[in-house]
Amino acid sequence: MKSLLPGAERAVVQFEHVGMRYGLGPEVLSDVSFRIAPRSFQFLTGPSGAGKTTLLRLILLSARPTRGTIAIFGEEVSGISSDKLTGLRRRMGVVFQDFRLLDHLTTYENVALPLRVQGRSEASYRGEVVELLRWVGLGERMHALPPLLSGGEKQRAAIARALIARPDLLLADEPTGNVDPALGRRLLRLFLELNKLGTSVIIATHDFGIMDAVDARRMVLDAGRLRVEE
Amino acid sequence: MSTADKTRTRPAGTAAADPALPATLRRNAPLVPTDTAAGRSLAAVIAILTFLAGLCAGAAEMVAANATQWQTSVAQEVTIQVRPGPGRSVDADVARAEAIAKGEPGVTQTRVFSKADSERLLEPWLGSGLDLSDLPVPRLIALRWSGDRADLGRLRAKLVEALPGVASLDDHALWLQRLSAAASAFVGVGVGMVVLVLIATGLAVTFATRGAMAGNREVVEVLHFVGAGDDFIAKAFQARFFGLGLRGGGIGAACALLAFALAGLITGATQSGPAGQEIEALFGSFQIGLRGYASIALIGVIASVVTGAVSRITVRRYLA
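Residue numbers (my numbering), protein chains in the order written: chain A, 1 to 230; chain B, 1 to 320.
No lab work stands behind these hints, which were simulated from the structure alone.
None of these values were measured; they are calculated from a predicted model.
No residue lacks a Cβ here, since even glycine has one placed at the ideal position from N, Cα and C.
Keep in mind that a hint or two might mislead.
Said to hold, decoys possible - Partner residues aside, some chain B positions facing chain A, computed with beta carbon under 7 Å:
1. A29
2. P33
3. A37
4. E77
5. W125
6. V219
7. V222
8. F225
9. V226
10. A228
11. A234
Unchecked claim - Take a look, some chain A residues computed to stay more than 12 Å from chain B by CB distance:
12. R21
13. F96
14. V228
Starting from the given sequences, assemble the full structure and let the hints guide the process.
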């Protein structure tokens, strides 16, 4: 996939005139075009029902667009093979609004999951996982099962799981929704630090406090249409 | 991965081996939750099906072994029937037939049934206390035979020549043929039932796997998002179902083995009584032998393998 700007780096995510509808319903996203540059930081915002989650699902390749083209890490994704899809997903980290931790695995096992599915031995990642858990303040809770964690703890575990494999692209859906402002600012600093080290970050949020704290590009979705505020 | 990734470091510093860490923090928990009610039910279904398959296989093995035993003992015996005729002495005819039989190579033993013996053989049909002296009751000579059955033709020809219309030779060929056909049919039915039961196991596992996939949709989705390929997920489900299959197959096969061992012990203990003798006469000895036990154990293993393989194929199809 060629870049829109000659000589520019290959986009991490590129949407061209993407439209999306569920079944025969109205279009949730209409003619959406944008580009996420490597090492960039942006917020995705807009009222509830504007299509933020659908946009994230399209980037995560868990839904296919009804029209338009999507390229992830320079790879056009229509008709992509299952193996390539897995390869692309391994380069992404995602924090879901509802955390999606596996209730039958401990916090430690949940955070280690991206490394475990890569076939790595436990000894090779144990120190890394424990260190990250301590850093997000879950050092004492690593043996707890998710149903026993508070909302904020679950959120931190979900963030740690998204970060553990050092992704090239981080997607976070309302990552500060369940934490107090102080921890919210701390998590934001973590995302910024990660971004400085080369990860592209997209944070979907309603929280103007967070958005105002960082001078970053804002992608505003409204009724399925995208407006980018540089 | 880009070059930037390789040079990148963790925000909170490089992970160092922490000597304070326990040897393992992972509990080796399976990625797909196992101890659900559906899993236990499936293990029970597999156990019941394996038990039934084990019974079928054991019964078929028992019939096959006993039929061979019956055939061998029956094939070693032939009978000469001497009919009384007007103006003939039955005893003289019997003595002559016996002499002809004794002169034949391959005949190791002869036993003449006396008039009283013959009448006793009729008792179950005609009742006791009847005067059978007026009836032309045929007389029998039982021969124990060790030679080739093809030589029986010569003996038959000699008897017909010496005692035409009076003596006949019964080599039980028809009966043996029927017995052999019946035994083969029974073994065939047994094998067919084992195959049917294994197919039923496969179908039950297909339904259970699809149910488990639907029930664990979120787990599958999360595994996909964290970078697990379809093959990895299929392996996780296969491991879970192989475990259930092994448990179910093991319990079912063990119950079937136990049932045969117990039945063998019980029939062995009651063998001395008349009921035991009847049972033994009807079914032969209640032993399935080493081959029978091995085939039941094999069915348990096959049920587990079928469970693992079918679940993997089902998951691959479901995810495709």
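Hints, one by one, checked against the model:
| no. | hint | in the structure |
| --- | --- | --- |
| 1 | A29 | holds (6 Å) |
| 2 | P33 | holds (4 Å) |
| 3 | A37 | violated (15 Å) |
| 4 | E77 | violated (69 Å) |
| 5 | W125 | violated (72 Å) |
| 6 | V219 | holds (6 Å) |
| 7 | V222 | holds (5 Å) |
| 8 | F225 | holds (6 Å) |
| 9 | V226 | holds (4 Å) |
| 10 | A228 | holds (4 Å) |
| 11 | A234 | violated (11 Å) |
| 12 | R21 | holds (21 Å) |
| 13 | F96 | violated (8 Å) |
| 14 | V228 | holds (24 Å) |
Hints 3, 4, 5, 11 and 13 from the earlier list are contradicted by this structure; the remaining hints agree with it.
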